[in-house]
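Colleague: Given chain A, work out where chain B should sit, using these hints.
Protein chains in written order, with UniProt numbering: chain A, 1 to 277; chain B, 1 to 277.
Heads up, none of these hints are tricks.
Each pair may be met inside one copy or between any two copies, as identical chains are not told apart.
Under the rule of at most 25 Å between Cα atoms (straight-line distance), these lysine-lysine pairs were calculated in the DSS-like manner:
#1 Lys55 <-> Lys258
#2 Lys201 <-> Lys131
#3 Lys131 <-> Lys275
#4 Lys55 <-> Lys275
#5 Lys145 <-> Lys275
#6 Lys34 <-> Lys258
#7 Lys67 <-> Lys258
#8 Lys140 <-> Lys275
For the record, the hints were derived by calculation from the structure and aren't laboratory data.
Number of protein chains: 2
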Amino acid sequence: MAANNTITFYDLTMAHGATTSPFVWATKYALKHKGFDIDVVPGGFTGILERTGGKTERLPAIVDDGKWVLDSWGIVEYLDATYPDRPMLIPHESVAALTKALDAWWWPTAVGPWMRCFCADYRDLCFEHDKDYVTTSREKMLGMKLEDMQAGREERLPQISAAIEPLRMALREHQWLGGSSPNYADYRILGPILFLASVGKVPSLAEDDPLRDWIERCRDLFGGLGRHPGLINLYGLKVPEGGPEPYMRESWRGGIYKRNTGPASTRAETEHITKKD
Amino acid sequence: MAANNTITFYDLTMAHGATTSPFVWATKYALKHKGFDIDVVPGGFTGILERTGGKTERLPAIVDDGKWVLDSWGIVEYLDATYPDRPMLIPHESVAALTKALDAWWWPTAVGPWMRCFCADYRDLCFEHDKDYVTTSREKMLGMKLEDMQAGREERLPQISAAIEPLRMALREHQWLGGSSPNYADYRILGPILFLASVGKVPSLAEDDPLRDWIERCRDLFGGLGRHPGLINLYGLKVPEGGPEPYMRESWRGGIYKRNTGPASTRAETEHITKKD
Numbered sequence: 001m002a003a004n005n006t007i008t009f010y011d012l013t014m015a016h017g018a019t020t021s022p023f024v025w026a027t028k029y030a031l032k033h034k035g036f037d038i039d040v041v042p043g044g045f046t047g048i049l050e051r052t053g054g055k056t057e058r059l060p061a062i063v064d065d066g067k068w069v070l071d072s073w074g075i076v077e078y079l080d081a082t083y084p085d086r087p088m089l090i091p092h093e094s095v096a097a098l099t100k101a102l103d104a105w106w107w108p109t110a111v112g113p114w115m116r117c118f119c120a121d122y123r124d125l126c127f128e129h130d131k132d133y134v135t136t137s138r139e140k141m142l143g144m145k146l147e148d149m150q151a152g153r154e155e156r157l158p159q160i161s162a163a164i165e166p167l168r169m170a171l172r173e174h175q176w177l178g179g180s181s182p183n184y185a186d187y188r189i190l191g192p193i194l195f196l197a198s199v200g201k202v203p204s205l206a207e208d209d210p211l212r213d214w215i216e217r218c219r220d221l222f223g224g225l226g227r228h229p230g231l232i233n234l235y236g237l238k239v240p241e242g243g244p245e246p247y248m249r250e251s252w253r254g255g256i257y258k259r260n261t262g263p264a265s266t267r268a269e270t271e272h273i274t275k276k277d
Numbered sequence: 001m002a003a004n005n006t007i008t009f010y011d012l013t014m015a016h017g018a019t020t021s022p023f024v025w026a027t028k029y030a031l032k033h034k035g036f037d038i039d040v041v042p043g044g045f046t047g048i049l050e051r052t053g054g055k056t057e058r059l060p061a062i063v064d065d066g067k068w069v070l071d072s073w074g075i076v077e078y079l080d081a082t083y084p085d086r087p088m089l090i091p092h093e094s095v096a097a098l099t100k101a102l103d104a105w106w107w108p109t110a111v112g113p114w115m116r117c118f119c120a121d122y123r124d125l126c127f128e129h130d131k132d133y134v135t136t137s138r139e140k141m142l143g144m145k146l147e148d149m150q151a152g153r154e155e156r157l158p159q160i161s162a163a164i165e166p167l168r169m170a171l172r173e174h175q176w177l178g179g180s181s182p183n184y185a186d187y188r189i190l191g192p193i194l195f196l197a198s199v200g201k202v203p204s205l206a207e208d209d210p211l212r213d214w215i216e217r218c219r220d221l222f223g224g225l226g227r228h229p230g231l232i233n234l235y236g237l238k239v240p241e242g243g244p245e246p247y248m249r250e251s252w253r254g255g256i257y258k259r260n261t262g263p264a265s266t267r268a269e270t271e272h273i274t275k276k277d
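Next up, chain A with everything else stripped away, as it sits in the complex:
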């Protein structure tokens, strides 16, 4: 299969040519992780059914030597099952279960809120022929005008940034969500961040966000797969007067790490909590 090591990949982009959909981004990384060259079929939001010869209304979709495979998760399962001799996207079934839990946190906490912060930018940056579809479909999904939904994002963006601290805690202890090398967990969480870089006219993350290192290393992978010239700067989030810190700056360290190394390591806390006023 995969003649000439190449798989056909149906892309979904803005007018600037960079991929938009978080799912399509994750799939592009997944194909490269498996070592394939990709034959990109470009396009926007309208005409997917026609472009794919009636095979699907949604992307991602790939064609491997004539075999159509749909759905971001369907493609991951197909690639690992069909090519188990290549680097695994999901190296252990526990990685699948935990990625699903993390993704189920990530969407309501960050991805959905970010989409609501950039829904009008998104419409403005898509192809001319997509604007009517994007406006209608997103206003139906959101239940209001895109401009009204996007309004007030200056207040919301720092809150979203503060809420994604669990990623910072994990990536403080590990180089990748995959451990010492990236896997589909990284690509799945990265997808929505590259969506932001595709559609966000204002930055979503602080200049010195600790996640920046991981994000930029992800963008460098596979010959700079995440460095399309159409992408917009992610960093430089402005926090309004009185707004929350966009990430935890305190020296206090939460999360899992080896903290109790004996009485000397806990003495200060013990003294604090047992002192009677």
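Modeller: Coordinates of chain B only, in the frame set by chain A:
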């Protein structure tokens, strides 16, 4: 090492004799997962330094043939490194990274809020000789009287239950967080739920919570390790008039699963979002 396949385990319990600390629970499961018998040194919150001969102020702690190992994460690393021929607690380094991300979500979302809902029950249920320490230390940590912190929990418990939906989504697709068999990710997330069963005088989860199946299967592991007779019923959460659903009952399915199987699977959504009013 581990003469007679036995490791010494310093427990931390309420007066009813069941383990309390989430970390100590997770460690007890970890030792059993590795196939060890455990020689339990019982005890409460005060006198840990004396009980352990000055080795530690905090539990869990284990002694393996004279070698002291401290800290819940330190013990996991020790067990997998020392006994790699036994079932792995962390079968892939990505499981470590993802468990850390999930745990960093779990604590501020559920464990901390649950602890604030049960802090006075917790004091009431501990050993008599622990009550002064527990009251002082927890009031220091919380910055208020235990009774005041616990007040109003009827309103908060359904919100906490609703917020843990990411676990339900992952466990809808997989039998365990470990995949087809449990690993440390399961035990780490389970620990705080067994803490609830140890200290909560009112139920935290709905009678028909979808998590119940996984929780009860976890409790059955290793000869019913999570079935100490001192433990309190977890199910039967009462939601006050107008309170949130304690879990998502709608037929809408979020999360990662193979959803696009072709145009028939997306047609209803497409018609909805493209219909002009």
